[in-house]
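J.: Sequence:
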Amino acid sequence: MANIGKRAIHYLHKLSAANIPTDLIEKGQNRVIDASLTLIRERAKLKGELVRALGGAVASSSLLGIPLGHNSSFLQGPAFAPPRIREAIWDGSTNSTTEEGKELEDPRVLTDVGDVPVQELRDCGVNDDKLMHIISESVKLVMEEEPLRPLVLGGDHSISYPVVRAVSEKLGGPVDILHLDAHPDIYHAFEGNKYSHASSFARIMEGGYARRLLQVGIRSITSEGREQGKKFGVEQYEMRTFSKDRSFLENLKLGEGVKGVYISVDVDCLDPAFAPGVSHIEPGGLSFRDVLNILHNLQADVVGADVVEFNPQRDTVDGMTAMVAAKLNVSKVRSSICDSLSTSSSGSYLIVSALQLHSVIWKSGIRFEIAKLISRFGIHLQTLATLKQQYEVVSTLIKLIRKA
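The numbering used here applies: residue -18 is where the sequence shown begins, and numbers increase by one.
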């Protein structure tokens, strides 16, 4: 994938050498950028409208894929991760209910706005400065559609910088960050690349986008990593002391006095026995249950999150790491403000029916125009005399759609 991008850039250099006006190339790039942002904007708007139509939900995690891998210093397979994670989330081998009872088919809990077209942008010669801006703008477009909150599928860890920047700028202030990783990713500019996946948190801290940064699971750290950590006041919890720190880390309370909490999970925070499909294998990591306990017990208003560095090219044949990455995403859904949702028993009775209808609509591939009409009909169900009648009508629609 990296070679494809390099070939495209080389092609643009050849155009420049052939005296093709620079502004012609830039205008073409800008059209592609505008089209890319328009796609994210319209998808986010559509999903936001549907979520609001289904009862005016308080919050919803929205998947946003960023298939970027070229800032990895070793293997670039994480660029292929977003579709593999999505497949695992909806894999038929498991159900769509989280451990804490959240129904993933409920769009108030989880929706999806698609991917930032990273490779297509790079094919047009868009450089990393512009690409980071595009990623940030894409995240902001998701956040503009209340109540959507970004749940980002990486990609290598370089994506966390533009995502956190966007969240902080959109909310108007810094956030606290819980970062689970085998590495601190805080080099000033690893191998001369300021956007390296090993430098993302240096950019975040330099920009003032985070007040407090907690790094958990660290077990591969250099002297520069420690020095940078001290420079930025990072709280680094290494695996060699995890047994001592466990109680504290499994009862974290973050976000007081700031705009919220951002969670970044590098899949290599896990011991490779649980997740072998990563580019940088580091033995001696966290167990999957360790990570879930930290996330489930976290007291925070989670305003955004990412799961990064899953490399499908190194996964097992049965896709074990993909399933792990999927469940890490799912586990972070519970940390959102969705937990504060409260509805009357009669109201929830109707909403559950409407949510079932919404799920079937989208799985059946029905065009948006038809879906919108049915959604409107669902809202008008409130005019029926009894809740039983409402439920019966929705159930009939579901059966008809499934047969279509």
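Note that these hints are calculated values from the structure, not bench results.
Predicted model only: the values in this text are computed from it and were never measured.
Backbone N, C-alpha and C fix where the C-beta goes; we use that ideal spot for every residue, glycine too.
Honestly, I wouldn't trust all of these hints.
Subject to a maximum C-alpha distance of 27 Å in a straight line, what follows is the list of computed DSSO-like cross-link-like pairs (lysine-lysine) [said to hold, decoys possible]:
1) 211 / 240
2) 151 / 175
3) 308 / 83
4) 83 / 8
5) 83 / 175
Simulated restraints on C-beta separations [as the list claims (entries may be wrong)]:
6) 153 / 108: 52 to 60 Å
7) 80 / 26: 43 to 51 Å
8) 214 / 30: 36 to 44 Å
9) 108 / 268: 34 to 42 Å
10) 114 / 222: 35 to 43 Å
11) 110 / 211: 25 to 33 Å
12) 214 / 5: 24 to 32 Å
13) 153 / 4: 17 to 25 Å
14) 6 / 76: 30 to 38 Å
15) 262 / 189: 32 to 40 Å
16) 268 / 6: 29 to 37 Å
J.: All hints are to be evaluated individually against the structure, with a verdict given for each.
T.: Okay, the hints, checked on the actual structure:
1. A hinted pair counts as satisfied when its Cα atoms are at most 27 Å apart, and residue 211 with residue 240 qualifies at roughly 24 Å.
2. Between residue 151 and residue 175 the CA atoms are separated by roughly 23 Å; this keeps the pair inside 27 Å, and the hint holds.
3. For the hint linking residue 308 to residue 83, the alpha-carbon distance of about 13 Å falls within 27 Å, and the restraint holds.
4. Restraint check for residue 83 and residue 8: the C-alpha separation of about 46 Å exceeds 27 Å, so the hint is violated.
5. A C-alpha spacing of about 39 Å is found between residue 83 and residue 175, which places the hinted pair above 27 Å, so the restraint is violated.
6. Distance hint check: the CB atoms of residue 153 and residue 108 are about 28 Å apart, inconsistent with the given range 52 to 60 Å.
7. About 32 Å separates the C-beta atoms of residue 80 and residue 26, a value inconsistent with the hinted range of 43 to 51 Å.
8. Between residue 214 and residue 30 the beta carbons are some 42 Å apart, a value that agrees with the proposed interval 36 to 44 Å.
9. Our hint of 34 to 42 Å for residue 108 and residue 268 holds, since their Cβ atoms are close to 40 Å apart.
10. Take residue 114 and residue 222: their Cβ atoms lie about 39 Å apart, and the range 35 to 43 Å holds.
11. Distance hint for residue 110 and residue 211: a CB-CB separation of about 29 Å, consistent with the stated range 25 to 33 Å.
12. For the pair residue 214 and residue 5, the beta carbons lie near 47 Å from each other, so the given range of 24 to 32 Å is not met.
13. Distance hint check for residue 153 and residue 4: the Cβ-Cβ separation is about 35 Å, which falls outside the suggested range of 17 to 25 Å.
14. Separated by about 50 Å at the C-beta atoms, residue 6 and residue 76 break the suggested range of 30 to 38 Å.
15. Roughly 34 Å separates the CB atoms of residue 262 and residue 189, a value that falls within the hinted 32 to 40 Å.
16. At roughly 50 Å, the beta carbons of residue 268 and residue 6 sit outside the given window of 29 to 37 Å.
Checked against the numbered hints above, the structure violates hints 4, 5, 6, 7, 12, 13, 14 and 16; every other hint is satisfied.
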